[in-house]
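Construct the entire structure; sequences and hints are all you get.
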Amino acid sequence: MQMKNAVQKLKLGGSEGTLDTLTPAAPVPNPSPPAAPVQQCISHPVYKPDYWLQTSDFVNIMVALLGPKAVGNNKAVEAPSTPGFAQYKLRQLQGVGGTNLQRRERKACTEARWNHIICNTTNTKGVHWVFMVYRLVPTFELHILDPYENTANLTLIRKLFPSAHITGMGHQDPDDYWRCGYIVLWWHLFCHFYIANCVSNTDVFDPTVLPHVPTQWEELCFLLLRACETQQSMPARHSY
-18 MQMKNAVQKL
-8 KLGGSEGTLD
2 TLTPAAPVPN
12 PSPPAAPVQQ
22 CISHPVYKPD
32 YWLQTSDFVN
42 IMVALLGPKA
52 VGNNKAVEAP
62 STPGFAQYKL
72 RQLQGVGGTN
82 LQRRERKACT
92 EARWNHIICN
102 TTNTKGVHWV
112 FMVYRLVPTF
122 ELHILDPYEN
132 TANLTLIRKL
142 FPSAHITGMG
152 HQDPDDYWRC
162 GYIVLWWHLF
172 CHFYIANCVS
182 NTDVFDPTVL
192 PHVPTQWEEL
202 CFLLLRACET
212 QQSMPARHSY
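Residues -18 to 221, numbered by this note's numbering, are exactly what the sequence shown covers, in order.
It should be emphasised that the hints constitute simulated quantities derived from the structure, not laboratory data.
None of the values given here were measured: they were computed from a predicted structure.
Don't take every hint at face value.
Restricting the straight-line Cα-Cα distance to at most 20 Å, the calculated cross-link-like pairs of lysine to any residue (SDA-like) are [as the list claims (entries may be wrong)]: (1) Lys140 to Tyr69; (2) Lys106 to Asn134; (3) Lys106 to Ala60; (4) Lys29 to Trp198; (5) Lys70 to Thr36; (6) Lys106 to His146; (7) Lys50 to Cys209; (8) Lys70 to Tyr129; (9) Lys70 to Pro26.
Distance ranges between label pairs, derived from CB positions [unchecked claim]: (10) Pro155 to Ser214: 34 to 40 Å; (11) Gln212 to Val118: 37 to 43 Å; (12) Pro188 to Ala133: 16 to 22 Å; (13) Lys50 to Pro192: 19 to 25 Å; (14) Asp154 to Val118: 33 to 39 Å; (15) Phe171 to His25: 22 to 28 Å; (16) Asp154 to Asn96: 26 to 32 Å; (17) Gln212 to Trp33: 37 to 43 Å.
Beta carbons are placed, not taken as given, at the ideal position from N, Cα and C, and that holds for glycine.
What follows is the structure, given as C-alpha cells:
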C-alpha cells in the first residue's frame, strides 16, 4: 500500500519528478589507495654537509664517475697534492733524466697540451683546495684558480710559483668553509672532457669557462662516498 501511494504522488507530466526523467544516482567511486610514504635518505654520520673532502675522496669519486682509467694504475699519482709536491713534479717534468716514469710523463708533455690537477694551499694539514691548469711547452704556463674571490689563502703558492696566473673565481661564498673541494672536483671533471675535446694545443686557457657546480652536486658526492664505503666493507669475493 505504501509503494502504491508513493507512485501516485509522482507527477505524470512535466519535467520535474517524472518517471521518464529520473536518473540513477552516480556510482560512488572506490576510495583511492593511501599514498606510499616518501622515503627520505638517512643522514650519514660522516658524509653530510660540512664534510671536508679528503685526498682519497677525490680519487674514489672520480673512479665512480669515470672508471679506474681516469686515475691510472697508480691512484696516488693523480691524487690531489700539496704545493711542494706540485712544484717538485713540474720541475721534474721540465728537467732531464729522472726515472722511466718521469721520462714517459715528460714525453707526453712535449706537445703543448694543457694538464690539470687539484692542489692544497699548504704542505702540511689541508687548509684549502685550489685548482691548477698548466702546460710545459712552448713555455711553462700555470693558472692557479681559487674557488673564493679572495686569494689570500695562496701565500705559499705565490712564493713557489711567482709567475703563475692567479684568479679568484668567486664560486665559493665568503662564509662557506667546506665546499672548496667539491667545487675544484667539479672543475677537474669538467676539464677532463673540455681540454681533451675543445682546447687545441695553441689555445690560451680561459678560466671563465669553468662552470659553477650544479644543484645537489655535494649530495651526489655523499652518496658515491657512502657506496664506496659499503663496497670496501664487503668481503673480497663480493667487491669489484
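Hints versus structure:
1. Lys140 to Tyr69: 14 Å, holds
2. Lys106 to Asn134: OK: Lys106 and Asn134 at ~14 Å, within 20 Å.
3. Lys106 to Ala60: 15 Å, holds
4. Lys29 to Trp198: 12 Å, holds
5. Lys70 to Thr36: Answer holds: Lys70 to Thr36 is near 17 Å, not above 20 Å.
6. Lys106 to His146: The hint is violated at about 25 Å.
7. Lys50 to Cys209: OK: Lys50 and Cys209 at ~17 Å, within 20 Å.
8. Lys70 to Tyr129: 25 Å, violated
9. Lys70 to Pro26: Roughly 36 Å between the alpha carbons, so the hint for Lys70 and Pro26 is violated.
10. Pro155 to Ser214: 34 to 40 Å: At roughly 38 Å between Cβ atoms, Ser214 and Pro155 fall inside 34 to 40 Å, so the hint holds.
11. Gln212 to Val118: 37 to 43 Å: 40 Å, holds
12. Pro188 to Ala133: 16 to 22 Å: 18 Å, holds
13. Lys50 to Pro192: 19 to 25 Å: 24 Å, holds
14. Asp154 to Val118: 33 to 39 Å: Check passed, 38 Å falls within 33 to 39 Å.
15. Phe171 to His25: 22 to 28 Å: With Cβ atoms ~26 Å apart, the hint holds.
16. Asp154 to Asn96: 26 to 32 Å: Because 29 Å falls inside the window, the suggested range holds.
17. Gln212 to Trp33: 37 to 43 Å: 22 Å, violated
Checked against the numbered hints above, the structure breaks hints 6, 8, 9, 17 and satisfies the rest.
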